Amino acid sequence: MTPLLQVRDLARHYTLPREHLLAAAPVVPALQGVSFMLQAGHSLGVVGESGSGKSTLARLVMALEAPSAGSVCFDGQDLAALDARALRRARAGFQMVFQDPFGSLDPRQSVGRIVAEPLAAQGGTRRAEQRERAGAVLDAVGLRAADVDKYAHEFSGGQRQRIAIARALVTEPRLIVADEPVSALDVSVQAQVLNLMQDLQDRLGVTYLFISHDLAVVDLVCDEVIVLYQGRVVEQGSPETLFNAAAHPYTRALMDAVPRAAPGARRRPRAAPVPLLSAPQGCAFAPRCAWRQPACLQAPPALRVLGTGHQAACHVAEAVLAGSAHDTAESLSP
Amino acid sequence: MTSVPLLDVQDLRVTLNTPRGPAEALRGLSFTLRRGETLGLIGESGCGKSMTALALIGLLPDGARASGALRFEGRELLGQPEADWCRLRGNRLAMVFQEPMTALNPLHPIGRQIAEPLRLHKGLDARAARAEALRLLQRVQLPQAEKRLDAYPHQLSGGQRQRVVIAIALACGPDLLIADEPTTALDVTIQREVLDLIAQLVAEDGMALLLISHDLGVMAETVQRMLVMYGGQGVESGPTDAVFSQLAHPYTRGLFAARPRLGLRAQGAAQNGRRGHRLATIPGRVPELVDLPAGCGFADRCTLAQDACRAAPPPPTEVAPGHAARCIRLDAAAAPEPSGPGAGPLPSRPAMPVGDSPTTPSDEGQA
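Chains as they are written, first to last, in my numbering: chain A, 1 to 334; chain B, 1 to 367.
With the rest of the complex left out, here is chain A:
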């Protein structure tokens, strides 16, 4: 079975303005060597901190930018190989939900026009039909079809995010790229939107590429997770594997940093900060890593298989899995 979305060796570099007239322009590798497959009806979570390349990945998958290297194949078609007209037609198959439900909805357009805009951009549908389909998807996300004549400001944050989801659904896409879809929402509203997204997947079989910095949200919604650090995949696996037996020190650091809502959770003792070392040719995480070994500063680790469907890019993944060797960094410090 061909995967709905196949990403191969994807890379994206950004060139910054040169600092001096004669200096070479600095290049930022925002994404490097990212590969994954996403089967129809499944959900892939992408976690990482700001600057890890999550949003760059979303923009590349949405074909809003061309990759510097590698390819994004949607339903067997390489998106970069399509001409503008074919790409426009293909866009009906993949749509996006943005983080901020206040910034992503035009305040001067009626909800009906906002939701129907992807249809209008596709062409080939009449106004009346667009309005009817907008009403139908609003109904599907738990709003009322009659809401098409209202404006975004008449809705609460959670309802606005439902409108954004309705807009993504209106072309009946097979893939929805959701970039931090619940991060701007309150806890109780976030729960409603997450439940809605899971319901829509059950009912319509949509596939999610779900980008979030919140590990618990990704754990809840996704079948598989990739962890990005400075533009590279450092670990990949099922949420059960990743969040119970993380093999990459960065994944562990992310999980340790999540505050726990439980009585007596206060002030967990934290490992002493690792002295920073710069290692331009080594592992990108080595400067912060508590498991650091001399080899980590020499060569960047490649992704390697550690178990069924579980990969990590770490020289000492076995030691991390065994949970030992936490104090080896001390022997290294100058």
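Where hints are given, some of them may not hold.
Claimed, not checked - When the alpha-carbon atoms are kept at most 20 angstroms apart in a straight line, the in silico SDA-like pairs for lysine to any residue are as follows:
1) B/LYS147 / B/ARG130
2) A/LYS150 / B/GLU288
3) B/LYS122 / B/LYS147
4) A/LYS150 / B/LYS147
5) B/LYS122 / B/ARG135
6) B/LYS147 / B/HIS121
Claimed, not checked - Reference listing, derived: stretches of chain B covered by chain A, where coverage requires no fewer than 3 residues with Cβ under 8 angstroms from a Cβ of chain A:
7) 85-93
8) 186-195
9) 241-250
10) 281-287
Hints listed in this document are in silico derivations from the structure and should not be mistaken for laboratory results. Predicted model only: the values in this text are computed from it and were never measured. We put the CB at the ideal spot given by N, CA and C, even for glycine.
Position chain B relative to chain A; hints supplied.
Showing chain B alone in chain A's frame:
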């Protein structure tokens, strides 16, 4: 220890003028804070957390009317002239804002921004203020502090900017530090560092901390006491551990249950054989401040509500010494608790009986 608390808020009410009429943003909020204590305000948007912070530093929006008592070391702050506010603000009362990018002036180097309160309140000359700014930057553990004194905010990362904002707040050695969602805009690992820093500085200086957050985890790890806010009121207050182990008020319980936690999905798969897990939601939505119900503000969303709840606002009821909740159905709310209210170890995962509406996605109500 003096008998007068550092901060004494009694029946604080704030009314805002809105196009739809007067709205009560705070409806009788009361709490006290002693020197060296840490208190957390938690709640969702519109519950009045940030309005409380603004009232405390005298920056309420134009046209807002405040009543009640707001005493700082026994002195009433409400209604004092603006000049008196200016002497307190940034000096004895300091605030750390949520968004470090907008809290800093992009046109001035950070050293100058840290020096500003020192020159204003302490009368330091430029050289002394700069030296003090450097010491503060070192204290908030900004790497390469000397070099950074002349850096502009855009040259720093989000976490570094928040350290600068904290340095500005600490400049004059305040007695009360108000931190309004100080880590919401930051990554989790940076959040951890900034919270650790705040906790360390508060402990070293013996100042009081009022931490405002929507994140239950941040509360559990940072503050001694917490106040859960809903509809402009405190609905539950008590020692953090007691609030977390009892979750006495139905709203506190709902908030806790709605939070996604690692491992929920695996639980869901084990229970119903399907992937994913429906989160418990709080039915309905936060009431509009303009038309708050006469009785309990949470009654319309509460599965335990009775007619009496809607008739009159519930008074604070003591759950345990120092732990109170505004709810007249506390017995019913506590009933499903498996391990009873007796002494002994705290239950690690309290029961969550809040409305887990089964199938319809429209549990948010209509506009």
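Hints, verified against the model:
1. Restraint check for B/LYS147 and B/ARG130: satisfied, since their Cα atoms lie roughly 12 angstroms apart, inside the 20 angstroms limit.
2. Proposed proximity of A/LYS150 and B/GLU288 is supported: the alpha carbons are some 18 angstroms apart, at most 20 angstroms.
3. As the CA atoms of B/LYS122 and B/LYS147 are separated by approximately 25 angstroms, the hinted pair breaks the 20 angstroms bound.
4. Using a Cα cut-off of 20 angstroms, the hinted pair A/LYS150 and B/LYS147 is violated, with the two alpha carbons roughly 53 angstroms apart.
5. As the CA atoms of B/LYS122 and B/ARG135 are separated by approximately 16 angstroms, the hinted pair is consistent with the 20 angstroms bound.
6. For the hint pairing B/LYS147 with B/HIS121, the CA-to-CA distance comes to about 26 angstroms; that exceeds 20 angstroms, so the pair is violated.
7. With 0 residues having a Cβ less than 8 angstroms from any Cβ of chain A, the region 85-93 of chain B misses the three-residue criterion, and the hint is violated.
8. Evaluation of the coverage hint for the region 186-195 of chain B: fulfilled, as 7 residues show C-beta separations to chain A shorter than 8 angstroms, against a requirement of three.
9. With a threshold of 8 angstroms between beta carbons, the proposed coverage of the region 241-250 of chain B by chain A holds, since 4 of its residues qualify and at least three are required.
10. Taking a C-beta to C-beta cut-off of 8 angstroms, the region 281-287 of chain B contributes 4 residues in contact with chain A, enough for the three needed, and the coverage statement holds.
Hints 3, 4, 6 and 7, counting from the list given before, are not met by this structure.
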